[in-house]
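Colleague: Here is how the chains run, residue by residue.
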Amino acid sequence: MKFEMTGKDKLNRRGFVHLAVLGTGSICLLPGCMKSTYKWRFFTDSEAQLMDALADQIIPPDEWPGGRESGVTNFIDKQLVGPYVRFQSKYRKGFAAIQETCETRYHKKFEDLTWDEQTIFLESIEAGNMKESAWAGGFDKEFFSMVRDHSMQAYYGSPRHGGNKNNMSYKMLKLDYPLIIGQNRYKT
Amino acid sequence: MVAKELSIAGLSVVLFERGGWISYDDHTDDELISQPISPLGTSCGPDDKRYRRVIVYPDGGSRIVLPSEADYNNIAACVGSGTVSYAALAWRYMQEDFKMKSTYGHVPGSTIEDWPISYEDLEQCYEKAEWEIGVAGDDSKNPFAPPRKKPQPMPPFSHNKGARLLNDAALRLGFHPFSSPVLRNSVPYGGRPACIRMRNCNGYPCPVNAKSGTHNTVIPVALASGNCELRTHCVVSEIIVNEQGRITGVSYFDEDNRKKIQPANIVILSASAIETARLLLNSKSKFFPKGLGNENSWVGKNLQGHAYPKAYGIFENDVYDDFGPGSSVTICDFNHHNPGIVGGGYLTNSFFIRPYSFADIRPPGTKLWGKEHKEFQRLNYKKVIKVHGPYQEIPRFDQQVEVDPEVKDLWGIPVARLSPSKIETDSKGCNFIAGKAELWLKEAGAYFIWKSSGTGKGVGAMSHQAGTCRMGNDPKTSVTDKYGRVHSIPNLFVADASLHVTNGGFNPALTIMALGYRVGGFIASEWNRGNRFK
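Chains Y and E, in that order, give the protein sequences. Everything in the first sequence is counted per the numbering used here, starting at 1219 for the first residue and increasing by one. Everything in the second sequence is counted per the numbering used here, starting at 52 for the first residue and increasing by one.
Just so you know, these hints were derived from the structure itself, not from any lab. A few of these clues could be false.
With a straight-line Cα cutoff of 30 Å, these simulated BS3-like cross-link-like pairs (lysine-lysine) come out [claimed, not checked]: (1) Lys459(E) to Lys100(E); (2) Lys1392(Y) to Lys493(E); (3) Lys508(E) to Lys1359(Y); (4) Lys418(E) to Lys1327(Y); (5) Lys1389(Y) to Lys418(E); (6) Lys1392(Y) to Lys433(E); (7) Lys100(E) to Lys1308(Y); (8) Lys1257(Y) to Lys100(E); (9) Lys1296(Y) to Lys459(E); (10) Lys1383(Y) to Lys100(E); (11) Lys1326(Y) to Lys418(E); (12) Lys1392(Y) to Lys434(E); (13) Lys212(E) to Lys1392(Y); (14) Lys1296(Y) to Lys418(E); (15) Lys527(E) to Lys585(E).
The model shown is predicted, which means the values in this text are computed figures rather than measured ones.
Using the sequences provided together with the hints, build the complete structure.
Modeller: The following block contains the structure:
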């Protein structure tokens, strides 16, 4: 009995709080307001731009949105100050290594490479073929595998964590959402 | 089970749980926070803030792992524990599963052994678990099922689209398919409603309370008896031994992390194979310098789980109909008596694979990102069936739980250190079973199939963890007697999968429950006959 009561109690309270937040939160959604107040939680602006480019390579836009549009960068940034705090230094190091290597090889930032150049570059990281010292000790493979995994979590996981904007991957997979009637308890 | 058996028999019981009561609403439809898939945390605990373990790799390297990482081998930390979040398969082990050594002989490099009890000794306890907790199933279609006196209480579940294809294919192949037994209500039972067939089930609490576990059956009965007090958010750290070498209770940390003592005449451990062993090993004293019950260094040894040999098949048409939770058709044709193989396992269609997990499922050699990867996801998400099953691992002495000499959890208690060991027999058997999965999918109409033996090199005990306090008749090669009583200590018992000598080719939940009834029933009847376990 206690088990059920606790659940229902929480739901009602949370539902109420959720509605209240929606009501007041909407005032802030003016374009000017967003631009001036929004800051990444962990990423720098240039790191976020690089992450957007990586996200689109990992899950490219086609007739369905790519990783960037679905909020992969937002998801990872959010998790890096939450459960993924332990990955912060790897991201910082990996981003620096990518830009450093691109600068040396192409005299460009990663996001300014052509699409195919980017793909080939990432395939090389994934395969563990990076010769530069920044990637030593198998960091190339490890870094790519981490970013790829987190990007898949963002794109295909629940939108409550900051990715999969508007349930776009569920729609792409033709998965009904919400689950079934009576189960619409989604928390954003 | 034990708390219920003791409290209704009139004994006074304190039940410790490190977590609290938990509900579906805490994590709803969230693939990233569930129990088996937990990159952002477990849905039912333990949490990343307070808990740690150390994992040792086959190359000898080791590292600290968090509960949200697969290497942690988590079991839910909440009232009802794994029975809240489990897939709820309700298997009786077969007669051979209790007599592995007699059936197959000694396997070099292993500690394969017969149980000190037979299937017949446990049959009544299986029946009690099926009726008190609630099982839906029908053994009559399974010619390999062990003999039973009473049928399962609820009718079996109907199949979804994928399972129907597999069911017909199995019949054509001469296999013997049937609907898997589950601890889930197919009809209203025990005052709780029938299953609503959601796609989420395995890894989540049930939103309508149709999945049956200890939290909604025996624990409420124990509490209603007036003889059982449940202390949630309490972490037991040590079993107390007095100056005479006798066990007098446990010390624990309460919900405010204050250290407290609970005196007791009898202590029963049901913390799952890893934590039960850790607690015994952490209870060191001048009488028991290597930990309780560990005179012969058998505590924590023989850690087992299941390998999962598998095959995936792609079909021309959609096979996914969202009629959850997915798994329902099983064959037990390959559990035993396979040529050249020790044991085996059943095969079944898997629970629905959620989108993030599906992103890792690709034929070998396929790129795991980019345009092709996304297209595969979009085209095949509803066209793939996975067939797999738990393969009975052969126990190895040195696949083990120790306590780490340095790493401690939030409360300063030394954490469990898990070390792997694999032998060749397992991968041979797994390849054989994966081959049968492939055959089955082909007959069902899959046009493209790939398979995997499912044997990792690390510790893969996961939620099926077992074997660390083996029961046996010889105190030199086991930890407890055939009633779960630690050999050297009359008032200390174990009642969980730690007792398993071998772990069957099945999910262990119903066997754990049956052993709970056996141990609890034994203590209650002895106590009421005047035995004070001194």
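Colleague: All hints, please: hold or fail.
Modeller: Going through the hints against the structure:
The straight-line distance between the Cα atoms of Lys459(E) and Lys100(E) is roughly 12 Å, inside the 30 Å bound, and the hint therefore holds. Straight-line distance between C-alpha atoms of Lys1392(Y) and Lys493(E) comes to about 26 Å, which keeps the hinted pair within the 30 Å bound. For the suggested pair Lys508(E) and Lys1359(Y), the alpha carbons sit about 20 Å apart, so the restraint of at most 30 Å is met. With a C-alpha separation of about 25 Å, the suggested pairing of Lys418(E) with Lys1327(Y) holds against the 30 Å cut-off.
A hinted pair counts as satisfied when its Cα atoms are at most 30 Å apart, and Lys1389(Y) with Lys418(E) qualifies at roughly 23 Å. Distance hint between Lys1392(Y) and Lys433(E) is fulfilled; the C-alpha atoms sit about 9 Å from each other, no more than 30 Å. The straight-line distance between the Cα atoms of Lys100(E) and Lys1308(Y) is roughly 20 Å, inside the 30 Å bound, and the hint therefore holds. Simply put, Lys1257(Y) and Lys100(E) have alpha-carbon atoms about 27 Å apart, close enough for the 30 Å limit, and the pair holds.
Distance check on the hinted pair: Lys1296(Y) and Lys459(E) sit about 29 Å apart at the alpha-carbon level, within 30 Å; holds. Between Lys1383(Y) and Lys100(E) the alpha-carbon distance is near 29 Å, which keeps this suggested pair within the 30 Å criterion. Between Lys1326(Y) and Lys418(E), the direct Cα distance comes to roughly 27 Å. Compliance with the 30 Å bound is thereby established for this hinted pair. Taking the CA atoms of Lys1392(Y) and Lys434(E), the gap is about 12 Å. The hint holds against a cut of 30 Å.
The straight-line distance between the Cα atoms of Lys212(E) and Lys1392(Y) is roughly 17 Å, inside the 30 Å bound, and the hint therefore holds. Taking the CA atoms of Lys1296(Y) and Lys418(E), the gap is near 27 Å; set against the 30 Å cutoff, the hint holds. In summary, the hint linking Lys527(E) to Lys585(E) is supported, as the alpha carbons are separated by about 22 Å, within the 30 Å threshold.
In this structure, every one of the numbered hints holds.
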